[in-house]
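A.B. asks: Each chain, letter by letter, is given below.
There are 2 protein chains.
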Amino acid sequence: MAQEEVQNGGPEKVAEVSFTALKPQLMVEAPKAADAVQFYKSAFGAVEAGRTVYPKRKAEQEQPHVLSSQLELAGSTILVSDIADNSTPVKTDGTGCVLCLETEDVEAAVAKAVSAGGVAEGEVTEGDGACCGGRVGKVKDPYGYVWLICSPAKKCGDAEA
Amino acid sequence: MAQEEVQNGGPEKVAEVSFTALKPQLMVEAPKAADAVQFYKSAFGAVEAGRTVYPKRKAEQEQPHVLSSQLELAGSTILVSDIADNSTPVKTDGTGCVLCLETEDVEAAVAKAVSAGGVAEGEVTEGDGACCGGRVGKVKDPYGYVWLICSPAKKCGDAEA
Numbered sequence: 001m002a003q004e005e006v007q008n009g010g011p012e013k014v015a016e017v018s019f020t021a022l023k024p025q026l027m028v029e030a031p032k033a034a035d036a037v038q039f040y041k042s043a044f045g046a047v048e049a050g051r052t053v054y055p056k057r058k059a060e061q062e063q064p065h066v067l068s069s070q071l072e073l074a075g076s077t078i079l080v081s082d083i084a085d086n087s088t089p090v091k092t093d094g095t096g097c098v099l100c101l102e103t104e105d106v107e108a109a110v111a112k113a114v115s116a117g118g119v120a121e122g123e124v125t126e127g128d129g130a131c132c133g134g135r136v137g138k139v140k141d142p143y144g145y146v147w148l149i150c151s152p153a154k155k156c157g158d159a160e161a
Numbered sequence: 001m002a003q004e005e006v007q008n009g010g011p012e013k014v015a016e017v018s019f020t021a022l023k024p025q026l027m028v029e030a031p032k033a034a035d036a037v038q039f040y041k042s043a044f045g046a047v048e049a050g051r052t053v054y055p056k057r058k059a060e061q062e063q064p065h066v067l068s069s070q071l072e073l074a075g076s077t078i079l080v081s082d083i084a085d086n087s088t089p090v091k092t093d094g095t096g097c098v099l100c101l102e103t104e105d106v107e108a109a110v111a112k113a114v115s116a117g118g119v120a121e122g123e124v125t126e127g128d129g130a131c132c133g134g135r136v137g138k139v140k141d142p143y144g145y146v147w148l149i150c151s152p153a154k155k156c157g158d159a160e161a
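From first to last, the protein sequence lines are chains A and B. For the first sequence, counting from 1, position 77 maps to 77 in UniProt numbering; every step adds exactly one. For the second sequence, counting from 1, position 93 maps to 93 in UniProt numbering; every step adds exactly one.
Mixed in with the good hints there might be a few duds.
If chains are identical, the list can't say which one is meant, so a pair holds when it fits in one copy or spans any two.
Below, a list of computed lysine-lysine pairs in the DSSO-like style, where the Cα atoms sit at most 27 Å apart [as the list claims (entries may be wrong)]: (1) K32 / K154; (2) K32 / K140; (3) K56 / K140.
Just so you know, these hints were derived from the structure itself, not from any lab. This structure is a prediction, so every number in the text was calculated from the model and none was measured.
Using the sequences plus the hints, can you model the full thing?
C.D. replies: This is how it looks when you write it as structure tokens:
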């Protein structure tokens, strides 16, 4: 039981594994992914680097569902995908994943996101943001995701010296 | 109504806003964030770059809740935070945020994550991953988050030429 040496010829033990990229993938109720991509462009200036779509299955379907749209945002890549009712559920049951975006101008970023259709939750506040920065605003997008718009992270502890 | 020009002296209209970083923040039911950090280290080789904690409030509390742990992983930063029952809910109601990790060795990465306490969901499959890569495995971590372990993204379309 306690010995699991390499019994079934696994991939050379569980040695070094290195990861080349981390990409949050936002699942959106089909067929709203295309709209979500448009929102992330308008709200945050995301740039779409590519998109793959499912084969069109239904005659009445106006546009094919998005398997994955790759969006460049703040030096990272996020993926936006349609998830249909009948597809394998990928719903996480974690307490919730939030996306922190750092910017020098929190107020302007929140205003821009709101003008694109996001909903500001609460005021921009100073301080105890988990991003460890200065000012923090919160915007919920039309697809249910929460974005924290934060001042760039500083070394913790030197808040308002 | 339709005129909103710059009525209340907003921050110089809603001009250019640039973002310097995007950091997914995983909320974990308090006080499990510290355990989650340990899991992400063991499972994925994440490196903790910093941690801020809440002031200790309760005598019986063994360790202070984590406001934010900054983990370096695959060239990105993720934040892991305790979220207490009585704190402002940040729960997103999106259809679900999944984290795609790209690696050359999907099988080894899945095996390592499973040996650290993750649960593999289904087999590693070839193909239609939303990450647009070759092989894709899925691991749910003990905190409810789903990780897709994928081959590095290629240009879409040249799958198995």
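A.B. asks: Would you list, in rising numerical order, the hints stated earlier that this structure does not obey?
C.D. replies: Result: hint 3 breaks, nothing else.
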